[in-house]
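Trainee: Fit chain Y to the supplied structure of chain H, relying on the hints for placement.
Spelled out from the first residue to the last, the chains are:
Protein chains: 2
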Amino acid sequence: MTKSDYAASGVDIDAGNRAVELMKSAVKSTYGPEVLAGIGAFGGLFDAAALQNMRHPVLVASTDGVGTKVKLAAQAGRYRSIGHDIVNHCVNDILVQGARPLFFLDYFATSRLLPEVVAEVVGGIAEACRQVHCALLGGETAEMPGVYAPAEFDVAGTIVGVMERERILPRPDLRPGDVLIGLRSSGPHTNGYSLIRKIFADVPLDTFFPALDSTLAEALLAPHRQYYSLLAPLLNDQAGVDNPRQWPIQALAHLTGGGFLENLPRVFPPGVGAEVRLGSWPLPPLFQLIQQRGEVDAVEMYRVFNMGIGMVIVTAPENVKAVRQALGEDTWEIGQLVAGENVRLVPERNDYAC
Amino acid sequence: MTKSDYAASGVDIDAGNRAVELMKSAVKSTYGPEVLAGIGAFGGLFDAAALQNMRHPVLVASTDGVGTKVKLAAQAGRYRSIGHDIVNHCVNDILVQGARPLFFLDYFATSRLLPEVVAEVVGGIAEACRQVHCALLGGETAEMPGVYAPAEFDVAGTIVGVMERERILPRPDLRPGDVLIGLRSSGPHTNGYSLIRKIFADVPLDTFFPALDSTLAEALLAPHRQYYSLLAPLLNDQAGVDNPRQWPIQALAHLTGGGFLENLPRVFPPGVGAEVRLGSWPLPPLFQLIQQRGEVDAVEMYRVFNMGIGMVIVTAPENVKAVRQALGEDTWEIGQLVAGENVRLVPERNDYAC
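Going line by line, the protein sequences match chains H and Y. With this note's numbering, the residue at position 349 of the first sequence is 349, and numbering never jumps. With this note's numbering, the residue at position 56 of the second sequence is 56, and numbering never jumps.
Bound conformation, chain H alone (with noise of 0.2 Å):
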């Protein structure tokens, strides 16, 4: 056997040590105050004084990945949205409980370390967590030959955010005639991309698709959106609120992978189901590509896809005229509780029956 050393091998700590290099200016660009050690260090140190100064801090935890929506952007050759990918669909995740973020750490693997694939990956997730206040305040990249599919990457991400412990969503008092409020998704968000890479597979990416007004890659690769400022300011103001039943938001449901039917009731008491009215809300053109070019189930594309709705807030019947006006455009009145366990899907027009 010939000399060995660890480059020869397949690993270049130098790569590593030139694509730290490159990111920490991006890193350090989220510290605020709190971040007594970040980069450099062996575990991130976060001030946690503030949390002395709240009734009953709890703090809440999610560790998610973005699929296989990182092999689109390894052959679009763009790494910097999969950053917000990571960062938003964990926001999103803790703020269904009514979390705020405090700080957030990414794992970056891949089979060759590049540090400028790196560098615009950690980029997004910078730029993704100052706009939710959120400290990146570690990470790890892996160079890893053998285990990723040559030119492959994956990027995972865990937050860590607090709230008051009486404030923790949803609220276990759900009930029948309570309705649903759709939010906007920007798309498929992190979800269903090994389905889209199969149904598109001899599709080249920057293939303008008029019905999208965009090429598919601008398309597939819109980033997850956070809804985390959107909702913050309606999450402070009920804090005011000393009935909960008065709340505005009862419930947050982030539609991820499983779609509506698996998601909505994670968030249900007992005996308590969901009618979804199809048609109530405009279905985004991306989705009916997929569903037409793959001939894909109405009924599977609603347990795989968002369809058009990445948040659901769950609210009181005399509450939903304030929270859709508080909350602007694009939102949508798209069912409300029932008896019952299950999802159902309810064709409101005939061109979405299902």
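All clues given are correct.
Remember, identical chains collapse to one label, so a pair may be satisfied in a single copy or spanning two.
List time: in silico SDA-like cross-link candidates among lysine to any residue, alpha-carbon distance up to 25 Å: (1) K28 <-> P269; (2) K321 <-> D237; (3) K24 <-> P270; (4) K28 <-> G258; (5) K198 <-> P150; (6) K24 <-> G258.
Hints are computed from structural coordinates only; laboratory data are not their basis.
Mentor: Only chain Y this time, still in chain H's reference frame:
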């Protein structure tokens, strides 16, 4: 194009759900009363009221992977120890700053989700979490055909711990003359596996090596040792000592990727370096075997591997005896701090010259 559904595209939502069922009880076995919501929720909820009884709480967080050790585990069909690897790596990373683990989240991604494999990995994660009283608060399993090479998987994890601000390590007043005490590692831990795999590429994993007194698989897959259980009593004791310079543990360095040469300097103040005396501890046979078979340069060995020392304590000369007595066997005085910036490897005996 033929009719598509998600299973046909290589993603099996039901397999994912079955994996969740299999690991539920393992995950729940890690819950203490602080866990208000875990598996099944969008985010895990951890009661942080106890932080309000602290003087000045600091949260410490770290994300890590286990490198291409996962590839060996996949090859050998041994998955449980990888769970210990990822947790223990993270536990050690925040331990070096003095932190106690609160909760952990895992990320598991693979080309094809085999529920039994996920259950083994997560079972190992849960076991390792229980050993340090850390809640396995959340996680994500992802099936990503095309991103991961066939039959490969990756695992990453994030730990969050807590400590008093005034107890943060390393102490800023480390000085020349302070002593390095090395603690035994259990093997290469989670670093250097790309090189190891290259060197042993032509050796079946079940080959018995008399020098190792075990098969290659057993030696290479020995789980990363955690040092929290060993060091927590010392850290707790020194919390009662007013003068920080008298604390037995002035600093800790976890010897991960980059080995001695890159990890030790991470905890030193400017102008302080170290001399490490080669031969002052027994070099485990596995590292000798790696060096010989791979004809690896001696200095490169100390830049890639821990060489039998997984954690280094920095202590004042007058505390060396007490620290070593408190920790029992398998500790060695391996060097000291010196003026300068670098880590120098100093041969102590001829057979370790480099």
